[in-house]
Amino acid sequence: MADRPCDITDLGNGRYRVSDAARQRLAHAAGPPEARWVFLDGRVYVIDTRGPAPAAAGARGRAHDDEMALASPMPATVAAIHVTVGQTVAQGDLLVMLEAMKMELPITAPRDGRVRVVRCAPGELVQPGVALVELE
Amino acid sequence: MADRPCDITDLGNGRYRVSDAARQRLAHAAGPPEARWVFLDGRVYVIDTRGPAPAAAGARGRAHDDEMALASPMPATVAAIHVTVGQTVAQGDLLVMLEAMKMELPITAPRDGRVRVVRCAPGELVQPGVALVELE
Amino acid sequence: MFRRLLIANRGEIAVRIIRACRELGIESVAVYSDADARAPHVALADRALRIGPPPPLQSYLAVEAVLGAARESGADAVHPGYGFLAENARFAAACVEAGLVFVGPPAAVIARLGSKIAARQVAAEAGIPVVPGAIPADQRDETIALAARRVGFPVLIKPAEGGGGIGMKAVHDEATLGAATAQARREATAAFGDGTLYVERLIERPRHVELQVLVDHDGRVVHLFERECSLQRRHQKIVEESPSTALTPRLRARMGEAAVALARAPAYRNAGTVEFLLDGAGDDARFYFLEMNTRLQVEHPVTEQVTGIDIVQAQIAIAAGEPLPWSQDEITQRGHAIEVRVYAEDPAHNDLPQAGPLLLYREPTLPGVRIDSGVVEGGDIPVQYDPLIAKLVAWADTREAARRRALAALRTCPILGVKTNIPFLIALLEHPRVVAGAIDTGLVNEERRALLDRSTGDPPPEAVAVAMAASDAPQTRPAPHGAVDPWVRLRGWRG
Amino acid sequence: MFRRLLIANRGEIAVRIIRACRELGIESVAVYSDADARAPHVALADRALRIGPPPPLQSYLAVEAVLGAARESGADAVHPGYGFLAENARFAAACVEAGLVFVGPPAAVIARLGSKIAARQVAAEAGIPVVPGAIPADQRDETIALAARRVGFPVLIKPAEGGGGIGMKAVHDEATLGAATAQARREATAAFGDGTLYVERLIERPRHVELQVLVDHDGRVVHLFERECSLQRRHQKIVEESPSTALTPRLRARMGEAAVALARAPAYRNAGTVEFLLDGAGDDARFYFLEMNTRLQVEHPVTEQVTGIDIVQAQIAIAAGEPLPWSQDEITQRGHAIEVRVYAEDPAHNDLPQAGPLLLYREPTLPGVRIDSGVVEGGDIPVQYDPLIAKLVAWADTREAARRRALAALRTCPILGVKTNIPFLIALLEHPRVVAGAIDTGLVNEERRALLDRSTGDPPPEAVAVAMAASDAPQTRPAPHGAVDPWVRLRGWRG
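Residue numbers (this note's numbering), protein chains in the order written: chain A, 770 to 905; chain B, 770 to 905; chain C, 584 to 1078; chain D, 584 to 1078.
What the hints contain is simulated information worked out from the structure, not anything from laboratory work. Watch out, some of these pointers could steer you wrong.
From the structure, some residues in chain C lie toward chain D, with a derived Cβ separation under 7 Å [said to hold, decoys possible]: (1) 602; (2) 605; (3) 891; (4) 917; (5) 918; (6) 946; (7) 949; (8) 950; (9) 953; (10) 954; (11) 980; (12) 987; (13) 988; (14) 991.
Note that beta-carbon positions come from the ideal geometry of N, C-alpha and C, so glycine has one too.
Using the sequences and the accompanying hints, generate a full structural model.
Below, the structure is given as C-alpha cells:
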C-alpha cells in the first residue's frame, strides 16, 4: 500500500510503530474497518480499510460544491429561519441559524439562487442529513 | 460482602464507583478472579474472588514466620554465599546475597540455627520458590 | 474554611475545582445530568448527585435543581466554574438566600458588570478608556452618519442587540457608509428582530489582552498580570498566552493599574478578569475597556503557570473570608505559558462541534506541560454541551520554548473517535505570525484557508498501512457508528 | 547544535531525553535490548536500534554495541542518562575517539571524581570540608583505636571497599570499639573479600543535601540551588525536595559557593551534582563533601520545577559548545517541589524489587504535578532492570501545598499488576516528621515499622466488593500468572 517500504509493528493497546529505512514514528489507531481512525504526526485520518480508495478526513465534501446541500451534522435545534420561499439570496447569505452544544451554527447559501422550499421550522429539532432549505 | 450497604458501579475501562450513603470513591480493578488487583484510596489489594477468605496483599507471609523459607521472588543471580554447611548462624546473619535488577537482595537468617544444606552456588541463576539454604 | 463545596458545573473545570478542594481538605460534591452519569467529574468527587436530564436548561442551568443538590448534600459553598450559572446574578443571590457561600462576587456586582452599558459606565467613572462610540438619537441614515463623523473614521456599525459578529460592518470612509448602514440594518433585523444600530470607533488589528484580578473581602486588590487572547475563531479564544508579546513593562504597569482601579470601582470581590482591546504595541499603545468577566476564565491556567498562584484555591480562600496572602510586589511573572484549547470540532467546516465516543484518548506527559481535562478513554463527548476536550498548557523559560513544547504536546496527543482541532492548532502554532508574536484578533480568520491547507489532506501511505494493520479497536466498547460527515450529499438536489 | 543524538539508556530517563531532543529540533536515536522492544522509549524516538539481549552487560552496558548503534545511526552525540554507562570514563573516552560528543564531563574528570579518595582530595584542595577520617596505617586493633581517638568519637568504622552500608558500625565510645571493629572486619571480609577498615567521624542524624551545578565550555559555573534528599531507604533516595527545610539564606549561599568552587577545581564541564552531608540546620550547620556525581541525577526535576531551567536541554546545549545563557543572579528559586519515586517493589519485604505486567496504569493529571515515566498500560516492568516506574513531581507555592499535591497525585495513580511503594510513600508523606520537615537520612529506616503499619492491612469490604464486581481485566492482554509472593512457603521446611 505504501510507496516506499514501511514496517508496521503492533505495540499493543492501539499503538503502532511505523518504521522505514530512515526513521520510525509512533501511530495510534482505533475503530471499525469501515471507519478506522489513525493518529500520525499530529494528524488524524479516517480510513475505510475495506474499499480500494481511502479518503482523508479533512478532504471530504467541500461546502461550495454545487452538488451538495448543507445539513446539520448532529441533532440541532433550529434557532431562526432567515429566508422565505421565493426569496432571492446571494452567496454567503444566512439561510438558517441552528444551535447545538451552546454554539450557533449558521447555514449560509453556497451560491446565488432563489429559495425553493424551506423544510424546517423554528424550534424544531433537526436530524443529521436532512435537507433544511432547497435553492433553485 | 461489605459490612455496610455499598454500591459498586462499573464505569468501564477498569474504573468503578464505590458509593454509600455518605460518600463515593473511585476504584480501579484488573486481573483474573484468582488474583484480582484493586486500587482504592491509594492502597492496592490482591484479592482471590473465588475463595471465602480473601487476603490483603500486604498482610501475607511475614519473613519471621518460623514455617517459612526465604526464596527469591524472581529469577536472580547468586552474588555470594556467606555461610558453609554446619556453620552456626544468629538471627539476622547474612546467608546469601542475591542480585536482581541492579539491586542486592540479602537473604538473612530468620532465627538462630545451623546450616544444614546450601542449595545454590555463586553465579548461579536461581528460580523463584526454590530453597537456597536450609537451617536446622 | 468550608467543609463541603458543591461544584455547579461539569467537564474539565469541574475536575479542576474538585482537585482544588481535595488539596484544601474540602469535601467536593459534583452534580450531573443523565448524559454525564459516567463522566470523570462525577467519578472523582467525594459525592455526586443527579440533577436532571441532559438538556442544560433542565440540569446545569436549573437553579432549583442545583440548589436542591446543595441542600441535600449539606454543602456550605458553591463554585459555579465558568459558563452555565457562573454569571447568573439570580443564581448568586439564590445561593446566599439558601445560606450558601457563592464563590464569586456579590449578585449586585455580577448584575451591574453583566450589562455592557452599565459596565462601560463603571469603567468611564473609574477613568478607564472605553472605545469611543455612540447610540444615535434616531436611526435615520443622516443621524447615523453624523454619529460616525463625531466618532471618527474608521468606524464599526454594529447592531445594538445580539452578538457573534452578525451584522457588524467596518466602514473606512463616508462614501461607503450608506450602503454599509443599509446592509447592517437588514442583517440585524433578520438575525435579532431589531435593526437598531450603534456606531463605534473601529480599532484595526486589535489585540485582546485581559488582566486577572483577585479581590479579598477587605477590598484588597492585586492583579496577576495579563493574558494575550488574540487568537480567536468565531469570537472564541483558542490559544492564550502570558506574557503578551505586545506589552512593555510600562504598558503592563499602566494596564495593571487600570484593572485594579476598575476592580475597586464597583466594590468587586473574588476573582475577575478585565478585558481590554489593545491598539498597537509597546509604550505608546492604547487600550480600551471591553468588559469585565465576573468569574473564573477558561484560560486561567496560563496565569497560574507564570505567577505560580493557584487561582481556584485563591477563589475558595477569598470566599471563605481569608485575606490575600500576597502583596502586589510579591507577584511576579516567570517564563512563558501557552494554552491551546483542544475542541471536538471540525475547522474545515466552520468549526462545527463534533460529538461521539473517545475510542482512544491518551494525554501526553511532558515536563512543563499541564493538561486540564474532564474526559477519559472510553467516554464520550456528549452532544449537549460545550465541545472542549482538554486544555494543554505549556510552560517554558522563553516563548519560543513554550511554543515548541505546546507543539510537542499536540503531536503526542492522540484522540480518536471524534474530530478535533489538533491539526489546525499545530498549523496555527507554526504560522509565521504566531511564531513572531505578531498576532491580532483577525489572524485566525484571515489565515484560515492557509491553516486548513496545512492541516488537512489525504492520508499518507503510512497512515493507510497502520489502518490496515490495526485489526481491532483497542476498546471493549462497541464500535462507533462511523465518522459523521457534517456535509451530507443529498440525492435529488437540483442546482 | 547536534543533528542526531543517541540515548544510551532506557526507561523514564530515555523518554525524558527524547523529549528534550524533540524540543531542540534534534533527531533522537533510542537503543534497546530484546526485553524493551515494545517499551515507550523505543516507540517515541525517531529511530531505535537493537543492541543485544536483555542482560545489561550484553546491551545497555555493552560499550561496543552502543557505539556500533551510534555509528549505524549516524548520531553525532551521545547522552548517557544516569546509571548504566553514565559514569563510565572508558565509555566517555570511547565516544570521543569514535568522533561522538559525549554529553557530560571529559573522561579524565569522570575518572578522577569517580574515585572516592581522589574526589576527597579535589574537595580538600578546593577548601571544601570533608568528613574527618583516616585509613589507619595498619589494621591492628590498637592502630584503629588510635585513628578513632584522633578522629574523635562518635566514629563510623567502615570497610574501605564496598558499599550499601554493609559492615558499617557506629561506635559512640572507646568501650565498645573493640567488639565493633571485630564485627566490621568479619562482615567486610565475608561481603567483599577484604577486611580493610576505615575510620570516619560519625555525623549523627545527618541530612543529605546536594547542589546542582552547570558548567559551560568556557568554564563558567552556576549552581541551581539545593535538593534535599534525606528520605532514603537502603541508601537509595525515595523522596526529594527543593528547597531544603534545613537551609537558611546564609547557609544556602555558603553551600552554593562551595559547590561552585568544587566544580571549578577539576575543570569540570556540563551538569554535575555535589553531594553534602549536612550536620544541623540553619546558619550554624556544618556541611561536608560526600561525592560529586558527574551526570544527570534521577531527582533533577525538583530543581527544574523551582528554577524553571530545563537541565537536560542545558546539558545538550553545553555539550554543543553553547555558553550558559544565565548569570548566577538570574537563577532563582520559586515555590517548592517534591518528587516521589514510584518503584515496583515491596516495602513489606525489604523493598524487594517486583516485576510483572502493568495490567492497569493510569497517570494522574493534576495542575502542578509533573510525571516522568517510561511505561504504558499493557507494558511490563522487566525483571532485568531498575524497578523505577515513574517519578511524580509536585510543585506549589509552599512546601505544605506541594506535599498535599504529591499526596493527591499518589492517591489517584492506580497501578495494578505489580506491587509498588505507593502506599508506603503516602504513609511517609503523612509522617509527622516529614510534615514538619524534620527529616534525616535515618528516618525511613527508624520509622519503617510504623510506616508499614499505616500502609498495609486487610482489604476493606469496599475493595472486596469491587474485586467481586470486576468481571474481567480491562486489558486485551493475557491475564497475569498471578501476584508473585516474594516469600514462598516451602514444603518440607524443618524448623
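Each hint, compared with the structure:
At a threshold of 7 Å, the smallest CB-CB gap from residue 602 of chain C to chain D is about 6 Å, leaving the interface hint in force. Taken as an interface hint, residue 605 of chain C checks out: its beta carbon lies about 5 Å from the nearest beta carbon of chain D, inside 7 Å. A hinted interface residue such as residue 891 of chain C counts as satisfied when its beta carbon comes closer than 7 Å to some beta carbon of chain D; here the least separation is about 5 Å, so the hint holds. For residue 917 of chain C, the suggested interface contact is upheld, since its CB lies about 6 Å from the closest CB of chain D, less than 7 Å.
Because the smallest distance between the Cβ of residue 918 of chain C and any Cβ of chain D comes to about 5 Å, under 7 Å, the interface hint for this residue holds. Below 7 Å, beta-carbon pairs count as interface contacts, and residue 946 of chain C has one with chain D at about 6 Å; its hint therefore holds. Here the hint on residue 949 of chain C is kept, as its CB sits about 6 Å from the closest CB of chain D, short of 7 Å. At its closest, the beta carbon of residue 950 of chain C sits 6 Å from a beta carbon of chain D; the interface hint therefore holds under the 7 Å criterion.
Proximity of residue 953 of chain C to chain D holds as hinted, the smallest CB-CB distance being about 6 Å (cut-off 7 Å). Interface hint at residue 954 of chain C: satisfied, since its Cβ lies 5 Å from the closest Cβ of chain D, which is below the 7 Å cut-off. The beta carbon of residue 980 of chain C is positioned within 7 Å of a beta carbon in chain D (closest approach about 5 Å), and the interface hint is therefore held. Among the interface hints, the one on residue 987 of chain C holds; its C-beta lies about 5 Å from the nearest C-beta in chain D, closer than the 7 Å criterion.
Annotation: interface hint on residue 988 of chain C holds; nearest CB of chain D at approximately 6 Å, less than 7 Å. Because the beta carbon of residue 991 of chain C sits about 5 Å from the nearest beta carbon in chain D, less than 7 Å, this interface hint is met.
Of the numbered hints listed earlier, not one is contradicted by the structure.
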